[in-house]
Structure formats: C-alpha cells, structure tokens
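**Student:** These are the residues of each chain, in order.
There are 2 protein chains.
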Amino acid sequence: MTPFTDRLRSVQLARQSLLCIGLDTDVTRLPSHLPRTPEGVLEFNKRIIDATHDLACAYKLNLAFYEALGEQGWSVLNATRRHLPASVIAIADGKRGDIGSSSELYARSLVQELAFDASTVHPYMGRDSLEPFFRSPGHGVFVLTLTSNTGARDLQYLKTGGKPLYEAVIARVKRWNTNHNLGLVAGATRPAQLKRIRSLAPQLPLLIPGVGAQGGDLKRAVLNGCNREGLLAIINAGRNVIYASGGTDFAEAARQAATTMRDQINQVRSPQR
Amino acid sequence: MTPFTDRLRSVQLARQSLLCIGLDTDVTRLPSHLPRTPEGVLEFNKRIIDATHDLACAYKLNLAFYEALGEQGWSVLNATRRHLPASVIAIADGKRGDIGSSSELYARSLVQELAFDASTVHPYMGRDSLEPFFRSPGHGVFVLTLTSNTGARDLQYLKTGGKPLYEAVIARVKRWNTNHNLGLVAGATRPAQLKRIRSLAPQLPLLIPGVGAQGGDLKRAVLNGCNREGLLAIINAGRNVIYASGGTDFAEAARQAATTMRDQINQVRSPQR
Chain A
-8 MTPFTDRLRS
2 VQLARQSLLC
12 IGLDTDVTRL
22 PSHLPRTPEG
32 VLEFNKRIID
42 ATHDLACAYK
52 LNLAFYEALG
62 EQGWSVLNAT
72 RRHLPASVIA
82 IADGKRGDIG
92 SSSELYARSL
102 VQELAFDAST
112 VHPYMGRDSL
122 EPFFRSPGHG
132 VFVLTLTSNT
142 GARDLQYLKT
152 GGKPLYEAVI
162 ARVKRWNTNH
172 NLGLVAGATR
182 PAQLKRIRSL
192 APQLPLLIPG
202 VGAQGGDLKR
212 AVLNGCNREG
222 LLAIINAGRN
232 VIYASGGTDF
242 AEAARQAATT
252 MRDQINQVRS
262 PQR
Chain B
-8 MTPFTDRLRS
2 VQLARQSLLC
12 IGLDTDVTRL
22 PSHLPRTPEG
32 VLEFNKRIID
42 ATHDLACAYK
52 LNLAFYEALG
62 EQGWSVLNAT
72 RRHLPASVIA
82 IADGKRGDIG
92 SSSELYARSL
102 VQELAFDAST
112 VHPYMGRDSL
122 EPFFRSPGHG
132 VFVLTLTSNT
142 GARDLQYLKT
152 GGKPLYEAVI
162 ARVKRWNTNH
172 NLGLVAGATR
182 PAQLKRIRSL
192 APQLPLLIPG
202 VGAQGGDLKR
212 AVLNGCNREG
222 LLAIINAGRN
232 VIYASGGTDF
242 AEAARQAATT
252 MRDQINQVRS
262 PQR
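First to last, the sequence lines map onto chains A and B.
Residues in the first sequence are numbered from -8 upward in steps of one, following the numbering used here.
Residues in the second sequence are numbered from -8 upward in steps of one, following the numbering used here.
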C-alpha cells in the first residue's frame, strides 16, 4: 500500500493543485432553489463535486455539519464521500481523540466503512488514542497542532521545555510517523508560526485551514506551508468557494472561485518548483 | 435555570449515588439471544436502563459506539437518550473540540436536539471551541484533563511553568467557569494525581472513568475524587456493569453489579458525609 504522504504528493503533482475544498455544507445556507433538507445538502455537495473535482487535490468534510443533520446525517456523509472520485483525497475532519477501544470504533467507521483517505485528530490523549487511525499506512492522519481559532492561544502557545506546546506535538508526531502517513493541522491565520512549523517538519503534510472567511493570507500560507518542492501543503478553502454564489449558478460560481484559488496558489508556489 | 453543578449535587444527594453507568454498547458483545443489530443495541440499552435507573446518578454514552452503527447510529443514540428518565444526568461522551462555527453545530446537536445534560470536550483548541457547549448554564461540560489511557503521558504531564499541562487546563477551566457548569475528566487509573486535581478544584464536578476494566482502584477513586461533602465525583462503570452476564439474565446481573458498586462507593464516602 502506498503510504499516504507519497500518495498525496502524487495527487498534487498529477493535478497541479494544492487546493482542498471544504464541504462544510450548512443546510441553512443552501441556495434558495434547493430544499433545506438533508437531500438538499447532498444535491448541493454532488453538484459542487461535479463542478470542481478536476481542480482540487482534496475535499475535507467537517463531520459537525453532517451530525447536525440528525438521523440522515450518516447517509448524506456516506453518499457525499462515495461521490468523490478516487483520484482525490477525501478527508474526514472529525477531530477525534479517545481511549484506545473507542478510538478503534471511530477509526473503523471513518477509515474502513466510510473509507476516508485521511482524518483529523486531537493530540491531547497521546499516541494510543491515535494509533487506530495511523495504523494503516494508506490512511493519512492530521494531528491538530496550531489551530486557526482565537482559542489556540489558551494552551497551544504554553511554553514547555522552552518551546511552545505545539512544537512538542510536532516532535511527537515525527516520532510516531513510522508509517509515513502523519501530518499536522496548522492554521493559515498564523503565518510566522506556519513557517516555523514547516522548518521543524520539512516533509510532513500540512493541512492548512483558515484562508478566506477566517482571515488567513493565501500567499503567505502557500509560501510558508509548502515543502521545498512546493508540495505537501493542503490549502483548505471553505465558504468562499462553496458559497461563491447563492443562486442557481452556485456550482459554476464555485468552479470559478476554485479555479482562481488554485491558480493563485500555483502562482505563488511556482518559483519553488 | 439551575446551573449544572447544583443539579448534579441534588441528583447525587437525592439518589445517594455517585455511580455513572457507561452505555458503551458494543454490538459484537450483546448477549447471544439478542440480534447483533442496531435494534439489538437499543433493546439491550433499554433493558439495562430499566433495570438500573434507580441506582445511578448518571449514564454516559460514548458516541463512538453509536457512530459505529452507521446509518442507524443517530436513531439508536436518540432513542436511548429518550429512554433515560429525567431524574438522571445524561452525558454525551463525544470528546468534541472544533473551531467556533463547527463547535456550534456539535453543540446544537448534542445540547439542543439530543438534549443531553452534559458533554465531554477536548481542551486543546481553547475557550472559543468550548463556549457553545458551556454557554447554557444547565448543560455540564467535562473538559479532558488527565485521562485514563497510557497516552496521557505523551502531553498531559509536560511541564509548563513548573507544573504539568493538565494543571494548566484546570486553571483555565476554573477561570471559564462563570456559569457554574464546568467539570473535569480525570481518570481513576491515576489516584495520586486525582487527589491533587481535587485539591486544585475543590468544587468542580469530576467525571472519573477507568474503574474496573481499565484497572483503576474504586476506593481510591472515591476517596480522592469526592469533594468535602462526599459528592461531585461521578464514578463511571462501563463493561463490568453492562456485561456482568452474557446470558438472558444480563439486565438482572447488571442491576446486581450496579447495586454492589453503588454500595461500595457509598461505604467509602460515608465518613465524609
């Protein structure tokens, strides 16, 4: 089985795209001609995927948006995931983290049954809480490191051994990465720290949320987040792509927004290639 | 609205029980006469609840076990929660933690739609990631502090400002506790630290997993976890209660195991009352 990091690199090279589209579809923000129901969410997702799948290296589904659909949430999540072509990376953004026996169940559900290619996880409970996710080399695991929200300052910057806690997380992730499938979540809202994170982990995939609606600067996220080849940064775009238009042209507008963003990313990273 | 901590205290006093029953029902471990299906899990849960609800102050449902049921998971979770009497505390053990907008959705689902009385959350992303859960004073929020698994050592013991990271978590939880509804998760597998945690947080509810299958000592968990009134420790018993028998007498056996455990807890805490 190809280790996740190698697969990600291949996909990014083949598609010439570092763009990840966040399918965080809020039923209350669907275009007005679609029903505000779980079926409407699925229809929306399928049309976004159909209109953009050649432009992105990955899609990220935040599980909160599917759990919010209640009884039908799992089915919409499953059907959306099945609609993604095998040529892109499907990321389950569930930020899991539990004791081993519970983590086994979460992993069975996300890795095996829903067959996501990658997951996001919380580091706080340590190695054994994450091992069920990273056991399979083909499955990528992005460990929360320095997040894009304001609350990141509450714990992640605390000094331990003279360094911020998130650097202690990086050191552990590097140690645990014997399957060549671990990565880090590092927010675009913290460009200087992102640069430092890339220097500490030159070859780990970085999942970078926070561009756009959350205020992160795209250019600096790309420059600071890529490795020396101009790869292994996954730049997540959420609301500014999927809600580019609230009208019947929403899919075409999403395609246009995704094209622009992919190209902007490539312009910035091109000197490094 | 009664703040969660006051309600917990009232429930524990009225029922004279600190016992929490973990409904972490594994479809592969159902008694052989029940179907190994989501319906079987619900039937099992209902019979366990019917047989034990006068003995416990709380029930804790680890969401991993329900997510593992796939399409029917949400319905089984919802129906199990609805089957719990209003006189006990229903805890959603989902260990959530996400940026504000996603956390809002998780909270809407668990706090409002499923109407759980309390939730567990990860501290790593800080205050704004938890605020949607603790905004409502009636909803209890248990922040992971020192967990019962081996991986707890990877980050939670790291020294920051001369103290372990989990003490920094406690300091923040105390600061955020303006609604009188925050608590801590502290594993029974670490009795000395549990004593220290109680001394640092004399009036916070402590959710204490790890007794039984995970090896934690019940007596020390109770002595070290209770406040001066002999209250506000929630002692979770999982597998040793719900799987007390694998036969048709499983509910009666669970009742017997729960009675024994409630009484053992009360014997230990009685000198403090």
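Some hints here could point you the wrong way.
The list treats identical chains as interchangeable, and a pair is accepted whether it falls inside one copy or across any two copies.
Restricting the straight-line Cα-Cα distance to at most 25 Å, the calculated cross-link-like pairs of lysine to any residue (SDA-like) are [said to hold, decoys possible]:
no.: 1; residue 1: K165; residue 2: T250
no.: 2; residue 1: K37; residue 2: S92
no.: 3; residue 1: K37; residue 2: E243
no.: 4; residue 1: K165; residue 2: E62
no.: 5; residue 1: K37; residue 2: R126
no.: 6; residue 1: K165; residue 2: Y148
no.: 7; residue 1: K154; residue 2: A5
no.: 8; residue 1: K150; residue 2: L21
no.: 9; residue 1: K37; residue 2: Q63
no.: 10; residue 1: K37; residue 2: D240
no.: 11; residue 1: K37; residue 2: K154
no.: 12; residue 1: K150; residue 2: H44
no.: 13; residue 1: K210; residue 2: R144
no.: 14; residue 1: K150; residue 2: D240
no.: 15; residue 1: K37; residue 2: G61
no.: 16; residue 1: K165; residue 2: P29
no.: 17; residue 1: K150; residue 2: V2
no.: 18; residue 1: K150; residue 2: Q184
no.: 19; residue 1: K150; residue 2: D45
no.: 20; residue 1: K186; residue 2: P155
no.: 21; residue 1: K150; residue 2: R(-2)
no.: 22; residue 1: K150; residue 2: S92
To be clear, the hints were calculated from the coordinates, so they are not data collected in a lab.
Treat the numbers as computed from the prediction; the structure is a model and nothing was measured.
**Student:** Now tell me if each hint is right for this structure.
**Tutor:** Now for the hints, and whether the structure bears them out:
Taking the shortest Cα distances, K165 and T250 never come within 25 Å of each other, neither inside one copy (33 Å) nor across copies (47 Å). Only between protomers do K37 and S92 lie at most 25 Å apart by alpha-carbon distance; the minimum there is 23 Å, versus 34 Å within a single protomer. In this assembly of identical chains, K37 and E243 lie within 25 Å of each other by CA distance solely inside one copy; the values are 13 Å within and 49 Å between copies. Taking identical chains as interchangeable, the C-alpha atoms of K165 and E62 are never at most 25 Å apart, the minima being 39 Å within one chain and 36 Å between chains.
Proximity of K37 to R126 under the C-alpha cut-off of 25 Å is found in neither arrangement, the shortest distances being 31 Å within a copy and 35 Å between copies. Taking identical chains as interchangeable, the C-alpha atoms of K165 and Y148 lie at most 25 Å apart whether they share a chain (19 Å) or sit on different chains (19 Å). Taking identical chains as interchangeable, the C-alpha atoms of K154 and A5 are never at most 25 Å apart, the minima being 38 Å within one chain and 49 Å between chains. In the homo-oligomer, the alpha carbons of K150 and L21 never lie at most 25 Å apart, since the shortest distance is 43 Å inside one protomer and 47 Å across protomers.
Taking the shortest alpha-carbon separations for K37 and Q63, both the intra-copy value of 16 Å and the inter-copy value of 23 Å come in at or below 25 Å. Taking the closest pair of Cα atoms, K37 and D240 come within 25 Å of each other only inside a single copy of the chain (14 Å); across copies the shortest separation is 49 Å, beyond that limit. For the homomeric pair K37 and K154, neither the shortest alpha-carbon distance inside one copy (44 Å) nor that between copies (50 Å) is at most 25 Å. For the homomeric pair K150 and H44, neither the shortest alpha-carbon distance inside one copy (42 Å) nor that between copies (46 Å) is at most 25 Å.
Within a single copy, K210 and R144 get their C-alpha atoms as close as 23 Å, which meets the 25 Å cut-off; across copies the closest is 38 Å, which misses it. Taking the shortest alpha-carbon separations for K150 and D240, neither the intra-copy value of 49 Å nor the inter-copy value of 54 Å comes in at or below 25 Å. For the identical chains of this complex, K37 and G61 are neighbours both inside a copy (20 Å) and across copies (21 Å), given an alpha-carbon limit of 25 Å. In this homomeric assembly, K165 and P29 never come within 25 Å of each other (Cα to Cα): the closest approach is 40 Å inside a single copy and 39 Å across copies.
Taking CA atoms no more than 25 Å apart as the test, K150 paired with V2 passes in neither setting, with 37 Å inside one copy and 40 Å between copies. In this assembly of identical chains, the alpha carbons of K150 and Q184 lie at most 25 Å apart whether taken from the same copy (14 Å) or from different copies (22 Å). Proximity of K150 and D45 under a CA criterion of 25 Å is satisfied in neither setting, with 43 Å inside one chain copy and 47 Å between copies. When the C-alpha separation of K186 and P155 is checked against a cutoff of 25 Å, the pair qualifies only within one copy, where the shortest distance is 14 Å, while the shortest distance between copies is 28 Å.
In this assembly of identical chains, K150 and R(-2) lie within 25 Å of each other by CA distance neither inside one copy nor across copies; the values are 35 Å within and 37 Å between. For a Cα distance limit of 25 Å, the shortest separation of K150 from S92 qualifies neither inside one copy, at 32 Å, nor across copies, at 28 Å.
When each numbered hint is compared with the structure, violations occur for hints 1, 4, 5, 7, 8, 11, 12, 14, 16, 17, 19, 21, 22.
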